[in-house]
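What follows is each chain in one-letter form.
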Amino acid sequence: MNQGRCECGDKPQGDSTQATEQSARVTGTLNTTITWRDVLGGWGVRWGFRRMRYLIAPGLYRIGQPDSNSPVLVTANYKLTVDAVRRSLIGLNVWMLVLDTKGVNVWCAAGKGTFGTKELVRRIEVTNLANFVQHRRLVLPQLGAVGVAAHDVKNATGFFVHYGPVRAADISAYLAAGMRATPAMRRVTFDWKDRLTVAPMEIAGAFKPTLIIIATLALVDIIRHHRVTSHLAIDVAPFLAAVLTGGLLVPLLLPWLPSRSFALKGAVTGLLLAALLLLFLPMRIAEGAGTILLVLAITTYMAMVFTGATTFTSLAGVRVEVRWALPLILVSAGAGAILRVAGVLI
Amino acid sequence: MRYLLNGHSLNLVPELCNGCCRCEEVCPHGVFSLVQRKAEIVNRDGCMECGACRMNCATNAISVISGVGCAQLVINSMRRKNGAGVPCECK
Numbered sequence: 000m001n002q003g004r005c006e007c008g009d010k011p012q013g014d015s016t017q018a019t020e021q022s023a024r025v026t027g028t029l030n031t032t033i034t035w036r037d038v039l040g041g042w043g044v045r046w047g048f049r050r051m052r053y054l055i056a057p058g059l060y061r062i063g064q065p066d067s068n069s070p071v072l073v074t075a076n077y078k079l080t081v082d083a084v085r086r087s088l089i090g091l092n093v094w095m096l097v098l099d100t101k102g103v104n105v106w107c108a109a110g111k112g113t114f115g116t117k118e119l120v121r122r123i124e125v126t127n128l129a130n131f132v133q134h135r136r137l138v139l140p141q142l143g144a145v146g147v148a149a150h151d152v153k154n155a156t157g158f159f160v161h162y163g164p165v166r167a168a169d170i171s172a173y174l175a176a177g178m179r180a181t182p183a184m185r186r187v188t189f190d191w192k193d194r195l196t197v198a199p200m201e202i203a204g205a206f207k208p209t210l211i212i213i214a215t216l217a218l219v220d221i222i223r224h225h226r227v228t229s230h231l232a233i234d235v236a237p238f239l240a241a242v243l244t245g246g247l248l249v250p251l252l253l254p255w256l257p258s259r260s261f262a263l264k265g266a267v268t269g270l271l272l273a274a275l276l277l278l279f280l281p282m283r284i285a286e287g288a289g290t291i292l293l294v295l296a297i298t299t300y301m302a303m304v305f306t307g308a309t310t311f312t313s314l315a316g317v318r319v320e321v322r323w324a325l326p327l328i329l330v331s332a333g334a335g336a337i338l339r340v341a342g343v344l345i
Numbered sequence: 000m001r002y003l004l005n006g007h008s009l010n011l012v013p014e015l016c017n018g019c020c021r022c023e024e025v026c027p028h029g030v031f032s033l034v035q036r037k038a039e040i041v042n043r044d045g046c047m048e049c050g051a052c053r054m055n056c057a058t059n060a061i062s063v064i065s066g067v068g069c070a071q072l073v074i075n076s077m078r079r080k081n082g083a084g085v086p087c088e089c090k
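Each protein sequence line maps, in turn, to chains A and B. Number 76 in numbering that gives the first Met the number 0 belongs to position 77 of the first sequence; there are no gaps in the numbering. Number 85 in numbering that gives the first Met the number 0 belongs to position 86 of the second sequence; there are no gaps in the numbering.
Read the hints as simulated data drawn from the structure, not as lab findings. Computed from a predicted model, the values in this text were never measured in an experiment. Cβ atoms here follow ideal geometry from the backbone N, Cα and C, with glycine treated the same way. Any given hint could be a false lead.
Said to hold, decoys possible - Taking CB as the label site, the calculated pair distances span:
no.: 1; chain 1: A; residue 1: Ser258; chain 2: B; residue 2: Arg78; range: 44 to 52 Å
no.: 2; chain 1: B; residue 1: Leu15; chain 2: A; residue 2: Ile33; range: 26 to 34 Å
no.: 3; chain 1: A; residue 1: Trp191; chain 2: B; residue 2: Met77; range: 25 to 33 Å
no.: 4; chain 1: B; residue 1: Val41; chain 2: A; residue 2: Arg36; range: 44 to 52 Å
Bound-form chain B, shown alone (with noise of 0.2 Å):
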């Protein structure tokens, strides 16, 4: 399945790669593959924008706007005057 806008924010700076793999290892929907011992983005579509790539990047080569696809959480935050940084209530 796939949602609106996925991987829009995702950004891989080749030269950055040291091919250590751990984009590949740790993305839940294959976004990611090594060729030649450098990642490529070979799936962006699937990409949901969770930030793990860009977590576990010791080179800093990944950018990603991430956070939690949640309507609920996105209206939380709406009703709040200051915006950000409401937290979840789920499990």
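Here chain A stands alone, though its shape is the one from the complex (with noise of 0.2 Å):
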């Protein structure tokens, strides 16, 4: 690692005649203390609710009593990331800067580039960053990488990026070894826990789409027998396994699920389903292949959307995916939607 070799500009340029300004110019101070309207507001962008609108303001905040030498962590402003990054720092000194990525976190903002070179200038510019501490250090989230150059930073600002670790948790860590990551600390992993952390928002994204069935087969149901009858739980059942298999099953079983493609794990997954479905639900021929050709596309599609969620999926891969699964989920979706309907109707 290079980390050590570019402590130029480490010279101190700071003066007690701008104090009063500097002070001024501090947007607040955060603790790290997680309360529980903290853990509800998590739980609560997880499944969807307010996502968009869970931000801190951007600028430079105090963490503890950081003073001259203190680090200068970077983070972006969407709430969650700032409450992973604050709850770690316990019993630790140290500035962070909260760039404007409109509420979004650290990768995603990267990746859309609002995480990045000129919003990172922009902020030490405007937050007077130079002005408070004398080294010329900076700590990235590695994965801000995706978005910052580091060279062009160094060039702009006289700052040096060091890239941290990936997770929130390991910054302690890795400020106590002297900014130094273990390989462990630079890998995105993708276990379980992570796995089950994302699915809720693939399933508050089916909400919809759910509705909209629920309600076809409520209609269906009505003008069959003129009222909706408890038949209509039994026959909504499918649809609601199917959801939670593509939103939830899906993503818990991932590794051991055959294929790199999503799209077919969603498949294969679809059709255990639909095999359990046939074992244990009574249906009638037209009815029974609607039903599991409509379970094998809200599998597949719910499957290969969670390319989203992941930490190891390319572009690339993605389109391939995407241009030879989406024809058939539609196709089977329309075929099966006509036969669900009809099977019954005629």
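Using the hints, build the complex out of the two chains.
Set out below in structure tokens:
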């Protein structure tokens, strides 16, 4: 690692006359305690509630009582991100430079360029960071590197970028080791806990289509019986099972499902579900065939869309997958819907 | 876990490498390793083409066609007639 090499530009630049102006530019102080409101808010956004408005004001924040030698950590202004960082800094005195990423997390914002060289350079200037610290070092989250060119930041501001660990939980160990990350700190993982954490967002995304399916089935019920019957629950069950299979089971079983293709993973799981449904739910031929085609379309589509929540899928691969799977999903869903409705009405 | 076509477009020109280590530092999948002060691709299959290495290569020794590997985003851009440039609606 070259991180110790570029220590140039470490000369103190601030002086006492700027002190009053300095303190006026600190946006605020953040504590390291997570309250029940933070926990509740975190749960909310993971289910899609107020997700795009869960943010804090960009700027320079104090954690503890930082001085001119304290490290400067850079992060995004998504509140869930800020919470993850500050809870990992208990007992430390550091500066936190929060970039304006429009309430988006570091990795996604870096992919869009909002967590990027331009915003970082601008935020360093706006907050007058050079007057608060004597050193010229920044610690960025490693995943921010997608949007930031370290050499350009150095040229524009004199600040040397150190890429810290991927996970906020490793920050204090990284700082204690003299800004050195172990190989494990540098790797992105996607274990079952990570997959379970992002799954609710997928299920929440299926909320509207599920309502449409339930409404359609209720309408069919009314046309046949002139009222909603208790049989509606049995009609709806396969589709709720399909949503849970595609949105929860596929993410959980991801490493063990066959094929690298997410659509295929979803189709295989959907076939297993279909087999179970045929065993336990009595259905007429057209009704059963329609249900199975719809279930397959749902699980395959949801599994494919889960690529967006993972940490290892490439754009080129997703393009290939969408190109062959999407037409099949649409045909399966269309044919399934016709069979399912016609099979009951005719 | 591995995915389709991973590392497909990743290319490294060793002659341009100045041994700065940035690629090894920023890669979340351990794709690069420095051998005798020159970067080498040691785990191409792990590459998700995020573009962090190219972004931080001061000598432009690395090229990769990067983007976000998200099916929803690909579908959204297919639905728009002009194709590319569709903003991601995710967090």
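Cross-check of the supplied hints:
Separated by about 26 Å at the C-beta atoms, serine 258 of chain A and arginine 78 of chain B break the suggested range of 44 to 52 Å. The hinted window of 26 to 34 Å between leucine 15 of chain B and isoleucine 33 of chain A is violated, with their beta carbons roughly 46 Å apart. A hinted range of 25 to 33 Å for the beta carbons of tryptophan 191 of chain A and methionine 77 of chain B is consistent with their spacing of about 32 Å. Distance hint check: the CB atoms of valine 41 of chain B and arginine 36 of chain A are about 46 Å apart, consistent with the given range 44 to 52 Å.
Hint check: violations occur at hints 1, 2; the rest are consistent with the structure.
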